[in-house]
Amino acid sequence: MTGGKPRSPRGTKYEKAEFPVFEFPVVGKARYEYTTGEALGRFLAGLKEGKILGTYCAKCGRVFVPPRMYCSYCFREVDGWVEARDEGVVVTGVMSYISATRARLERPVAVGVVKLDVPGRQFDDHFFPGLMHYICGASEDDVKSMRIFGARVKARWRPPEQRTGSITDIECFEVVRP
Amino acid sequence: MTGRNLNFKHRVAVVGAGLTLFRSRLLETPQELAWLAAKQALDEAGLTLKDIDCVVIGSAPDAFDGVHMKGEYLAEGAGGIHKPTIRVFVGGATGVFVPIAAWWHVASGLCKRVLAVAEEKMSHAARPHTQYVFRYIWDPIVEKPLNPNLIWIFAMEMHRYMHKCGVKKEDVALVSVKNKRNACGHPSAQLCMPNITVDDVLKSEVLVWPVQLLDISPTSDGAAAVVLASEEEARRITDTPVWIKGIGWTLDTTHWTNRDLAYPEYVRRAAEMAYRMAGIDNPRKQIDVAEPYDPFDYKELHHMEGLGLAKKCEAPVLTREGVTQRDGDLPINPSGGLLGVGNPIAAAGLMKVAEIFWQVRGEAGERQVKKPVYTGLAQAWGDLMQAGTVVVMGI
Chain A
1 MTGGKPRSPR GTKYEKAEFP VFEFPVVGKA RYEYTTGEAL GRFLAGLKEG KILGTYCAKC
61 GRVFVPPRMY CSYCFREVDG WVEARDEGVV VTGVMSYISA TRARLERPVA VGVVKLDVPG
121 RQFDDHFFPG LMHYICGASE DDVKSMRIFG ARVKARWRPP EQRTGSITDI ECFEVVRP
Chain B
1001 MTGRNLNFKH RVAVVGAGLT LFRSRLLETP QELAWLAAKQ ALDEAGLTLK DIDCVVIGSA
1061 PDAFDGVHMK GEYLAEGAGG IHKPTIRVFV GGATGVFVPI AAWWHVASGL CKRVLAVAEE
1121 KMSHAARPHT QYVFRYIWDP IVEKPLNPNL IWIFAMEMHR YMHKCGVKKE DVALVSVKNK
1181 RNACGHPSAQ LCMPNITVDD VLKSEVLVWP VQLLDISPTS DGAAAVVLAS EEEARRITDT
1241 PVWIKGIGWT LDTTHWTNRD LAYPEYVRRA AEMAYRMAGI DNPRKQIDVA EPYDPFDYKE
1301 LHHMEGLGLA KKCEAPVLTR EGVTQRDGDL PINPSGGLLG VGNPIAAAGL MKVAEIFWQV
1361 RGEAGERQVK KPVYTGLAQA WGDLMQAGTV VVMGI
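Top to bottom, those sequences are chains A and B.
Read in the working numbering, the first sequence has 126 at position 126, and its numbers run on one by one without any break.
Read in the working numbering, the second sequence has 1044 at position 44, and its numbers run on one by one without any break.
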């Protein structure tokens, strides 16, 4: 007895085997078909050509990767497109030991956020062009020791004939060893 | 009172709160859970459903309970039939958004007594794993094709925070230890672990480094409810109303890969709005007890800093020094938080509001903090490091 409130909260704990449950598939065979939109449509077409494209707002100077068709801060249409380099630095990196369904992976994979270089522009930590992606060439120790932070990485592209216009046209961002 | 975002007619008080047990699996349907919590809150306030003008419901993604239109579905158990009833939703921040929405129902003069109910039944989303449901929060074009697990994003935020502030895993694990021990004083708690040590956390299964199993709150079923009333009604209902002194909420962009994850801007802005309304200019001194959102241990630290309860990078120091213990100078999550009491998403946020209500009234039993409580704070966060909701309460 803890003496405090809530007094005698109710609820019937059970183990799965004790009661019948009624199963239903989430959506059966139904699948979503997402449209890419204007800005991401062009971004994906760029990936197919081996380019990472972004948009920019001339009013506030922000560069958007992934691109938007509008600046959500100035609330106006962006002023045009820029090409980011396919390299940058890791601003955060982690090592995943589980899959999307929480099954253990045979080998862990590194993932992180890459802050991309855009020629002629500088970005602080507060707002920058950046993508989440796999980091290849990073060991468990690179991640656990935090050496991965600030590491330079460069996109490893799939061969042109295998590209489909998807974020996976980049296989991963590979650590550039000096 | 006037000011930016701060025009309202009536002061609003909490006059009753109720909770179910929080467990990984409960037999009760979502509607039944909502009813159990709602009934307890009404009973505690000495009211019946006839006394309630409006109902506010909160629940996180429909996909957990596996029922579409969850607000409409829950209305029955939440007392919402034939009344103005609404469901609000801002992901994990929903639980603290429920009393915020209930507040504006009363503050505007539209309703005098409002029943606010939050429910979540994560166990329904059984296979392949409850986590799988979270796939739908990722961007379908640039993120989902990478086949992410939800924990990735928290691991990235945690690691960024650790990197920027020079925080060790041992420091973060102290939060999990504190909260899972605190939970032993909570009658609803799912994960009371009286003997847990930092070592246990550090030896638990590594999911996505730096996140390990005991760094995370469990998946849970449960419900929570509070009753809000206008000043006139509140004084009629109880001698000890707990006033809602400030509310705040904000969203940041879903484009989380474009901003620094080391500091929760979304919480800072929500807190500033609530503090302005509550007349708080030094939260570290003026808040006596706080329930920041702690689905992960590092999140408690992160949110303390966003709330201004600690300076940037200072929360781990306060934790190590024992300041955040129940008998400390700034007790944090005396309930046991999500890490200890459990995390039925929306219900967990509202549990925090209920905890502050009971702490201010001195009714928290063995969880009651040592120092006198005049002002407390509950906060939740949700979506892609995005939504911040804050409520300041007090006598």
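The set of hints was computed from the structure by calculation and includes no laboratory data.
Hints may be right or wrong, so weigh each one.
[What the hints assert, rightly or not] Here are the computed distance ranges between Cβ atoms for each label pair: (1) D1327/B <-> Y73/A: 38 to 46 Å; (2) Q122/A <-> D1327/B: 46 to 54 Å; (3) R1320/B <-> V21/A: 20 to 28 Å.
[Stated by the list, open to error] Computed list of lysine to aspartate or glutamate pairs in EDC-like fashion (alpha-carbon distance at most 16 Å, straight line): (4) K1164/B <-> E171/A; (5) K59/A <-> E87/A; (6) K154/A <-> D141/A; (7) K1164/B <-> D125/A; (8) K1285/B <-> D1239/B; (9) K1083/B <-> E1072/B; (10) K154/A <-> D86/A; (11) K1169/B <-> D125/A; (12) K1144/B <-> D86/A; (13) K51/A <-> E83/A; (14) K1311/B <-> D1327/B; (15) K51/A <-> E87/A; (16) K1168/B <-> E1314/B; (17) K154/A <-> E87/A; (18) K51/A <-> E171/A; (19) K51/A <-> D86/A; (20) K1312/B <-> D1260/B; (21) K1311/B <-> E1265/B; (22) K144/A <-> E1072/B; (23) K1144/B <-> D124/A; (24) K13/A <-> E1032/B.
Just so it is clear, CB atoms sit at the ideal spot from N, CA and C, and this is done for glycine as well.
Okay, the hints, checked on the actual structure:
{"no.": "1", "hint": "D1327/B <-> Y73/A: 38 to 46 Å", "verdict": "45 Å, holds"}
{"no.": "2", "hint": "Q122/A <-> D1327/B: 46 to 54 Å", "verdict": "49 Å, holds"}
{"no.": "3", "hint": "R1320/B <-> V21/A: 20 to 28 Å", "verdict": "44 Å, violated"}
{"no.": "4", "hint": "K1164/B <-> E171/A", "verdict": "28 Å, violated"}
{"no.": "5", "hint": "K59/A <-> E87/A", "verdict": "26 Å, violated"}
{"no.": "6", "hint": "K154/A <-> D141/A", "verdict": "20 Å, violated"}
{"no.": "7", "hint": "K1164/B <-> D125/A", "verdict": "11 Å, holds"}
{"no.": "8", "hint": "K1285/B <-> D1239/B", "verdict": "27 Å, violated"}
{"no.": "9", "hint": "K1083/B <-> E1072/B", "verdict": "12 Å, holds"}
{"no.": "10", "hint": "K154/A <-> D86/A", "verdict": "6 Å, holds"}
{"no.": "11", "hint": "K1169/B <-> D125/A", "verdict": "23 Å, violated"}
{"no.": "12", "hint": "K1144/B <-> D86/A", "verdict": "21 Å, violated"}
{"no.": "13", "hint": "K51/A <-> E83/A", "verdict": "7 Å, holds"}
{"no.": "14", "hint": "K1311/B <-> D1327/B", "verdict": "21 Å, violated"}
{"no.": "15", "hint": "K51/A <-> E87/A", "verdict": "11 Å, holds"}
{"no.": "16", "hint": "K1168/B <-> E1314/B", "verdict": "13 Å, holds"}
{"no.": "17", "hint": "K154/A <-> E87/A", "verdict": "4 Å, holds"}
{"no.": "18", "hint": "K51/A <-> E171/A", "verdict": "14 Å, holds"}
{"no.": "19", "hint": "K51/A <-> D86/A", "verdict": "7 Å, holds"}
{"no.": "20", "hint": "K1312/B <-> D1260/B", "verdict": "13 Å, holds"}
{"no.": "21", "hint": "K1311/B <-> E1265/B", "verdict": "13 Å, holds"}
{"no.": "22", "hint": "K144/A <-> E1072/B", "verdict": "46 Å, violated"}
{"no.": "23", "hint": "K1144/B <-> D124/A", "verdict": "27 Å, violated"}
{"no.": "24", "hint": "K13/A <-> E1032/B", "verdict": "14 Å, holds"}
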